[in-house]
Amino acid sequence: EAQVTQNPRYLITVTGKKLTVTCSQNMNHEYMSWYRQDPGLGLRQIYYSMNVEVTDKGDVPEGYKVSRKEKRNFPLILESPSPNQTSLYFCASSRTTGPYTFGSGTRLTVV
Amino acid sequence: GENVEQHPSTLSVQEGDSAVIKCTYSDSASNYFPWYKQELGKGPQLIIDIRSNVGEKKDQRIAVTLNKTAKHFSLHITETQPEDSAVYFCAASRGGSQGNLIFGKGTKLSVKP
Chain A
1 EAQVTQNPRY LITVTGKKLT VTCSQNMNHE YMSWYRQDPG LGLRQIYYSM NVEVTDKGDV
61 PEGYKVSRKE KRNFPLILES PSPNQTSLYF CASSRTTGPY TFGSGTRLTV V
Chain B
1 GENVEQHPST LSVQEGDSAV IKCTYSDSAS NYFPWYKQEL GKGPQLIIDI RSNVGEKKDQ
61 RIAVTLNKTA KHFSLHITET QPEDSAVYFC AASRGGSQGN LIFGKGTKLS VKP
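Sequence order for the protein chains is A and B.
Take the first sequence: its position 53, counted from the start at 1, is 53 in the numbering used here, and no numbers get skipped.
Take the second sequence: its position 109, counted from the start at 1, is 109 in the numbering used here, and no numbers get skipped.
Since the hints were made in silico from the structure, they are not lab data.
All figures in this text were calculated on a predicted structure; none of them were measured in a lab.
Don't be surprised by glycine CBs; every beta carbon is placed ideally from N, CA and C.
Treat the hints with care, since some could be wrong.
[Claimed, not checked] Subject to a maximum C-alpha distance of 35 Å in a straight line, what follows is the list of computed DSBU-like cross-link-like pairs (lysine-lysine):
hint, chain 1, residue 1, chain 2, residue 2
1, B, LYS108, A, LYS57
2, B, LYS71, B, LYS42
3, A, LYS69, B, LYS105
4, B, LYS112, B, LYS37
5, B, LYS37, B, LYS22
6, B, LYS105, A, LYS18
7, A, LYS57, A, LYS71
8, A, LYS57, A, LYS18
9, B, LYS58, B, LYS71
10, B, LYS58, A, LYS69
11, A, LYS71, B, LYS112
12, A, LYS18, B, LYS71
13, A, LYS57, B, LYS112
14, A, LYS65, B, LYS58
15, B, LYS112, A, LYS69
16, A, LYS17, B, LYS42
17, A, LYS65, B, LYS112
[Claimed, not checked] What the simulated footprint calls covered on chain B by chain A, stretch by stretch (three residues with Cβ under 8 Å from a Cβ of chain A suffice, anywhere in the stretch; the number is not a length):
hint, stretch
18, 42 to 49
19, 95 to 103
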């Protein structure tokens with residue numbers, strides 16, 4: 001089945017403790033992106049990648065890092081999480097001509 | 001910077017009525033405009049998309065129209081059903097990069113039986 005898999009689905013962590021949210025796609029898509037969803041703010045792009053070793057900042061990149069060492073994987077790294085990073089996170093992938101396929105989401109709470 | 005405005009933020013209709021959601025975009029180079037439906041607890045799913053060389057596209061009860069001159073596009077749902085209740089997002093490509101999207105803030109549609 002063609003899909004984007006995110007892990008974990010739910011995560012509660014403490015301020016300052018480094019964490020990684022994994023994202024993997026099995027469709028050989030070139031593009032991958034991370035978004036955060038907050039009430040009233042919609043989906044805001046954090047980082048995106050056009051292919052292996054090619055990444056760029058989205059609209060809200062502060063406090064996040066990404067890497068794209070393999071085509072199928074695009075992990076999101078929070079080096080020192082803070083409470084304002086509490087959010088619902090989505091990974092998505094697509095071909096160069098679209099459309100996006102989204103993962104099921106990761107609900108992160110930072111206390 | 002690039003921006004997509006979406007209206008209304010909430011919409012309530014009676015079952016069987018039509019629903020219309022409107023979006024405007026700022027980047028004149030945008031050439032791809034998808035619409036996504038997000039049900040509670042799930043990721044957004046594509047319901048219809050349109051490219052800049054087309055003015056209208058229809059798929060059963062769902063249609064999308066695009067006005068490139070005015071830089072706006074709309075989603076039309078006819079004969080609404082309770083299962084159409086969800087949050088709907090419009091999106092536009094960042095320039096000609098159809099794999100890189102900027103989203104509107106979403107419309108919560110409620111269809112009352």
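Hints and how they fare:
no. : hint                : verdict
1   : B:LYS108 to A:LYS57 : holds, 28 Å
2   : B:LYS71 to B:LYS42  : holds, 30 Å
3   : A:LYS69 to B:LYS105 : holds, 31 Å
4   : B:LYS112 to B:LYS37 : holds, 18 Å
5   : B:LYS37 to B:LYS22  : holds, 14 Å
6   : B:LYS105 to A:LYS18 : holds, 29 Å
7   : A:LYS57 to A:LYS71  : holds, 18 Å
8   : A:LYS57 to A:LYS18  : holds, 20 Å
9   : B:LYS58 to B:LYS71  : holds, 19 Å
10  : B:LYS58 to A:LYS69  : violated, 39 Å
11  : A:LYS71 to B:LYS112 : violated, 44 Å
12  : A:LYS18 to B:LYS71  : violated, 42 Å
13  : A:LYS57 to B:LYS112 : violated, 41 Å
14  : A:LYS65 to B:LYS58  : violated, 40 Å
15  : B:LYS112 to A:LYS69 : violated, 48 Å
16  : A:LYS17 to B:LYS42  : holds, 27 Å
17  : A:LYS65 to B:LYS112 : violated, 43 Å
18  : 42 to 49            : holds (count 6)
19  : 95 to 103           : holds (count 7)
Of the numbered hints stated above, those contradicted by the structure are hints 10, 11, 12, 13, 14, 15, 17, listed in ascending order.
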